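Visitor: With these hints in hand, go ahead and build the complete structure from the sequences.
Protein chains: 8
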Amino acid sequence: MADDWQPPAVLAEFAQLDHDRGPRRGYPEAIYCEGKTPAQVAAIAVEIRTRGGSTLFTRATPDHAKAVLAELPDAAYDQDARMLAWPPEPPSAVGGRVVVLCAGTSDLAVAREALLTARHLGRESELVVDVGVAGLHRVLGKLELLSSARVIVVVAGMDGALPSVVAGLVTAPVVAVPTSVGYGAAFGGLAPLLSMLNSCSPGVAVVNIDNGYGAGHLAAQIAAPA
Amino acid sequence: MADDWQPPAVLAEFAQLDHDRGPRRGYPEAIYCEGKTPAQVAAIAVEIRTRGGSTLFTRATPDHAKAVLAELPDAAYDQDARMLAWPPEPPSAVGGRVVVLCAGTSDLAVAREALLTARHLGRESELVVDVGVAGLHRVLGKLELLSSARVIVVVAGMDGALPSVVAGLVTAPVVAVPTSVGYGAAFGGLAPLLSMLNSCSPGVAVVNIDNGYGAGHLAAQIAAPA
Amino acid sequence: MADDWQPPAVLAEFAQLDHDRGPRRGYPEAIYCEGKTPAQVAAIAVEIRTRGGSTLFTRATPDHAKAVLAELPDAAYDQDARMLAWPPEPPSAVGGRVVVLCAGTSDLAVAREALLTARHLGRESELVVDVGVAGLHRVLGKLELLSSARVIVVVAGMDGALPSVVAGLVTAPVVAVPTSVGYGAAFGGLAPLLSMLNSCSPGVAVVNIDNGYGAGHLAAQIAAPA
Amino acid sequence: MADDWQPPAVLAEFAQLDHDRGPRRGYPEAIYCEGKTPAQVAAIAVEIRTRGGSTLFTRATPDHAKAVLAELPDAAYDQDARMLAWPPEPPSAVGGRVVVLCAGTSDLAVAREALLTARHLGRESELVVDVGVAGLHRVLGKLELLSSARVIVVVAGMDGALPSVVAGLVTAPVVAVPTSVGYGAAFGGLAPLLSMLNSCSPGVAVVNIDNGYGAGHLAAQIAAPA
Amino acid sequence: MADDWQPPAVLAEFAQLDHDRGPRRGYPEAIYCEGKTPAQVAAIAVEIRTRGGSTLFTRATPDHAKAVLAELPDAAYDQDARMLAWPPEPPSAVGGRVVVLCAGTSDLAVAREALLTARHLGRESELVVDVGVAGLHRVLGKLELLSSARVIVVVAGMDGALPSVVAGLVTAPVVAVPTSVGYGAAFGGLAPLLSMLNSCSPGVAVVNIDNGYGAGHLAAQIAAPA
Amino acid sequence: MADDWQPPAVLAEFAQLDHDRGPRRGYPEAIYCEGKTPAQVAAIAVEIRTRGGSTLFTRATPDHAKAVLAELPDAAYDQDARMLAWPPEPPSAVGGRVVVLCAGTSDLAVAREALLTARHLGRESELVVDVGVAGLHRVLGKLELLSSARVIVVVAGMDGALPSVVAGLVTAPVVAVPTSVGYGAAFGGLAPLLSMLNSCSPGVAVVNIDNGYGAGHLAAQIAAPA
Amino acid sequence: MADDWQPPAVLAEFAQLDHDRGPRRGYPEAIYCEGKTPAQVAAIAVEIRTRGGSTLFTRATPDHAKAVLAELPDAAYDQDARMLAWPPEPPSAVGGRVVVLCAGTSDLAVAREALLTARHLGRESELVVDVGVAGLHRVLGKLELLSSARVIVVVAGMDGALPSVVAGLVTAPVVAVPTSVGYGAAFGGLAPLLSMLNSCSPGVAVVNIDNGYGAGHLAAQIAAPA
Amino acid sequence: MADDWQPPAVLAEFAQLDHDRGPRRGYPEAIYCEGKTPAQVAAIAVEIRTRGGSTLFTRATPDHAKAVLAELPDAAYDQDARMLAWPPEPPSAVGGRVVVLCAGTSDLAVAREALLTARHLGRESELVVDVGVAGLHRVLGKLELLSSARVIVVVAGMDGALPSVVAGLVTAPVVAVPTSVGYGAAFGGLAPLLSMLNSCSPGVAVVNIDNGYGAGHLAAQIAAPA
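Protein chains in written order, with UniProt numbering: chain A, 1 to 226; chain B, 1 to 226; chain C, 1 to 226; chain D, 1 to 226; chain E, 1 to 226; chain F, 1 to 226; chain G, 1 to 226; chain H, 1 to 226.
Hint data in this document are derived by calculation from the structure and do not stem from the laboratory.
With a Cα cut of at most 27 Å, we get these calculated DSS-like pairs of lysine-lysine:
{"no.": "1", "chain 1": "A", "residue 1": "Lys142", "chain 2": "B", "residue 2": "Lys142"}
{"no.": "2", "chain 1": "H", "residue 1": "Lys142", "chain 2": "F", "residue 2": "Lys142"}
{"no.": "3", "chain 1": "E", "residue 1": "Lys142", "chain 2": "G", "residue 2": "Lys142"}
{"no.": "4", "chain 1": "C", "residue 1": "Lys142", "chain 2": "D", "residue 2": "Lys142"}
Selected chain B positions facing chain F (Cβ under 10 Å, derived; list incomplete):
{"no.": "5", "residue": "Leu127"}
{"no.": "6", "residue": "Val128"}
{"no.": "7", "residue": "Gly182"}
Since the model is a prediction, treat every value here as computed from it, not as a measurement.
Glycine included, every Cβ here is placed at the ideal spot set by N, Cα and C.
Guide: Printed below as a string of structure tokens:
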């Protein structure tokens, strides 16, 4: 039996880390764990430990997390957000404030991914939970906080109506993240995605379904110091 | 040349009017003009004049309208709503109040179709225009009127967010009508349709895209006297 | 290892219950369990026990149910409908009658969810099973019951044809619930959803796929006492 | 200016007629006019006149018709069905009866295309108009005729519910033709197409949207003499 | 704990068998097992044993099968086709011949479901495997058998090209069954479904994705004795 | 003939201008002309002339433009961008620089709409044309300009690949606008929309198809002075 | 009236021709006319006349053609393929033979676009018309020609079955071009597109719907001399 | 219990191997394992051992692999690519070079399937990993290798932008393989599929989602010796 082909775990055979990304783009690299084996993620962790430089690991299953923590034992791990951060402490915050709104409890994991990403990219970030439009007084009660934000991330599934409502109330741009939460006709997040793209309030920037990392990164860029 | 086949204009060859519908369902018949020739619509108008009984003609182009008015000269015609009503005066209103909300000016034709349908089916009906969620104070300023309604029809395109917001504020059921208004990713009304089906506020009844007639009919049934 | 981030189970960190909803909307709150952890649902149950007020828990897995019953031991649990009700007894029925029709056995769980919701929101409710249009005599045999209804909920998968047939026979409005039952081209409920939205009979109100709770809530509102 | 390339009108440069089709399949050829220039259709008509053999021209615009009639002046032309038949008289009917049901007036053109196709392929064929399920008594009043059919063609737009109802009442197979008639969420015929494919009554054969020709051809094959 | 609601297993609470279907439609009833509990299927089996009359159980998992066989121990069970038949022997064959073609091995389960259905509904039926168009000689080598058929069922996934090729070669109508086999852009059977609906050869009747039962039933109707 | 219903042209009957928007959001109102009659747009122009305050008219046909210019004769009109601005001169630029990239000539109208919107909302804005990825040297030759931007708007149809490439090269956030340009499988802009939502480079904010106005507005917010 | 913004017709304001493309890629530039004004296309023609180098203009309306021919009067224009070539004579053919198959007459314009593109990029090219799979003998009669090809372009609408059949018969790769021809469920070419992507014969390369230019270009590359 | 129907494992009952394919098409047969039982795959392996001739087994689960290796113990098995090759050594390479580019680590399994297929069909093949456009320098650093290729296979998920970038840089045709990797709005590979079909660079040949085998086969045909 000739069974010598195996999923490669030697870094050069499956990945070229983008060493240049920090200098070039101003933000550290992130490792998207989905579709990588734990062994591959571990090999990347070794490289990061060696090279230095801060890194986020996103979409990390518990097995991915275990593999990373074996190499970077002090990395911070958020099970809910499926994210690891190394070094564990975020840098000192500079630039404007990022406020993350979460429409329902079911959207919380994605909202936390956005929150932690923005924090680890150097922004002061705050999370407000369960402020869906079905009870409008909840978001209207947060107007002062919203006015203090340089950018607002709004995470919502179902009808995806919250970003339109929020964008209509404030000066800051809104980063809208549709989630895959909901009954059948949400079609895995298609409903809030389309709703957000069609916002009747200008100033809504849409990212991919469940993409808390992308939202946090975009928010960090928008709130960057001038 | 054997050219004897022609689009039929003799009533029996293209339609069987549902004479029984008034008694059976309690609401008069409506003639959907799209896909019928003006001559066919005229033949139906003749039948209605002969038989008596009130009727609505929906989705009527100016040519359809002209054909109907030639046979039923006192029919009421609303160009914007593409609707004719005969007899022209609605019956005396009974039952609860129907309030029709229109998110934007572009949704007005559909909103008027709903309004006129509900009125001609015997309900007191009122229209409020241009109360989209981008300027939330506009709809919040109508809370008293909304509280007086037995049912609220909400007509909206784009993000279709208004029904969720309204349903979260009132006791009455909301009939939501998506419209085909908007930029490309509205996909002809798909975006607000999905948004409304996924409303995070319970109590939202969805009808077809641009179907003001269906919304008005449903509202009339909901607001019918007990 | 810095592993201090965990899915929050302290109520204020993941949810803001809509205390105002009962007074504002006239119907008690419901807790959508999907996407919440059992610990989160338990925390909500504690709050409800403390605060009083009736509540429904929808889309509850057995693990969710176990967590709720640990805090609210006399809550009523319907495994099939994936619903818990507290207090377990519905209020005395007022308003009109809700009749729930179920096209096939596979739609039964959703139909029961609608039935129980309407009952716990205070309406007299009755269920008729397995009356799909493939054997038309079954629904035609129920005309008397249908005529007594203030609103009819019709639950159907596959072709979603039953609401059109029923709406054509009665005065009452029909709340149509598509289900995700069927062969491949049902596309998870898309086929009956579109069918219902395109009903050739006016008077059909459509809700989300498999959304028995939403249908029951809407029916309760429509059948509310004047 | 080198402008010598032109849409070809010499038969051999744009078409190879399937001379063998009559003998091989037992049914004469049909010419699909959409996408052909009138000059191309005329060239085909000349070939048919020369070679003999009966032919149908489908999806013929008035310009196509004019071009055909210039070459085959006694061809029968049905403007509504957009079809020409040559020779103009159908052959003597053999085999079983084809009954064509048309749900609404707007579906009539497609229904006539099916009717005429079946007739010109040698079947006794009958048309019943405007028997949509919104007024169920209309189709139930035709049960005797339906029972006499070897195959029933059902043409319907909107919810596409009629084939399921009919198939549940009879022994004969049903050929279902979705039409592109309806409000926005019909999505050009997608709604009735999916509805028909998901019929809860076995015995429904679906053809393409608005494809009256295909339905008539299939019906003729099903009703062929044994 | 009030836990008295359970998925019902008493026949009258979840199903109304269509006793009239055999007489009315000429074909025995079939029980669609998907979405029913084994206990429910067992209750139906008891009813069938009591009442007599032949029945097919489709989409039966091993658990469903076990439940049926406990009540109808001599029922015939085909694991691959997920079907049970009772009585186990098909009736004597009458009418024309049904030939079932299977494009690839992966389509075999669906093809067998069609084959067995047609046989149990009383038709002589034959299966030809693995005759996809990638090796055209395989289907061309079966022309004699194809010519002997009153109807041909063609089961194919991927490009769904086989029905067009077969329909172009024979007089008999073709029943086309798309399957959910294939790479990603097959989208669960959408690709062959659309391909079959758009067949360039007239005479193709399409049924639902993976619906071998529906195809076998339709074929049995088409091949019924005159 | 009772023909007294007409599309309303009295402002209060079809629109409620959002007077509060400037103070509340910091950006002036825009009038979306699509779905409004020229008479309605003219009535709005009168109101704006009376009230003062700057305004953009978007999606203006030549007829809309004519109606606006009759009331606001010095408004600036860009036929290509289908936009009118009043007052015609943009305010003095503050905040960061907006660079608009246009992938192909066919995307130019949308790019100009973005450019003019950002300018009229007070940002220094610059346009670079025809820098699609098929000739990568064109965009690579603009790196210096790109590095000077606070935000980059990228307008692209077809594969929508340009935003990913640009975002990978710079620090600034990218606002991506899909256009409806392209061959059939672009499906009216769906292809670049999905491509942009799935960008492998973080930092891409997506807006609606062909929504140059929305992109310019969002860019102005992102580049606002701190 | 400040009406100074106009669709730009000065080359540098709307386009950057890819001068480097010939040397870099080995194939001359093509100008996609859709979305460009005739004046813009004329400006490009002037540039090409000045600079030299061969060019194709694709998707050219008669107005585009007129504008090009005014500047490049000896350009070759094919109305059917909507293409202009300059210089009008193709270069001497080198490399392998390209055979273009056209399934039906309605696909001819796209097939000609592929044919002319391959020729003007320097390949010997031949066209075979109307060889759809409904009459299989037509394509089987061309096996010798097909065997002589280095690459075969297959243009087909409807079921898109021809590429699978052809690829199964030959050694050469097949470039498949879906067309937007067909009845409703072809959904503008989606049906043949999916069919071709799911070909059960390996060796099928798919390009965009109606993209004859792309197919001809790809074929020229595949058949390039080694 | 009549339980005599079982998934067939005797070759003739489920498959007809295409013995003629090698001679006819010039490339050996491949066995698509998905949808076949291990027993069926084993029966095919026996036939291949007996008959001789090289074969690839694609989409092989570990169970399929075990079954094949029991019959063909020296077959080469690549777990990652889910492929077995027999004989294990590829033939000597002839024709041009195939270069396979892999956009991200998550696309590696598909890229390896393409690589191994091309090698086993007789082409020199090379793999370059992790060269997505987010870090453009990675692919630009490989220009020399790309220039040496007769054909380039590009495997990418998410935005599918890499094929457009690569095709714009080289003379060789590009075979683009979308993968199902990515966040929700990738819709199982739909996003990169559409992106690749709409490439703004001519010369991109698209195959099915995740279809590494098809890409490798097509590349081998394109790079075949003249």
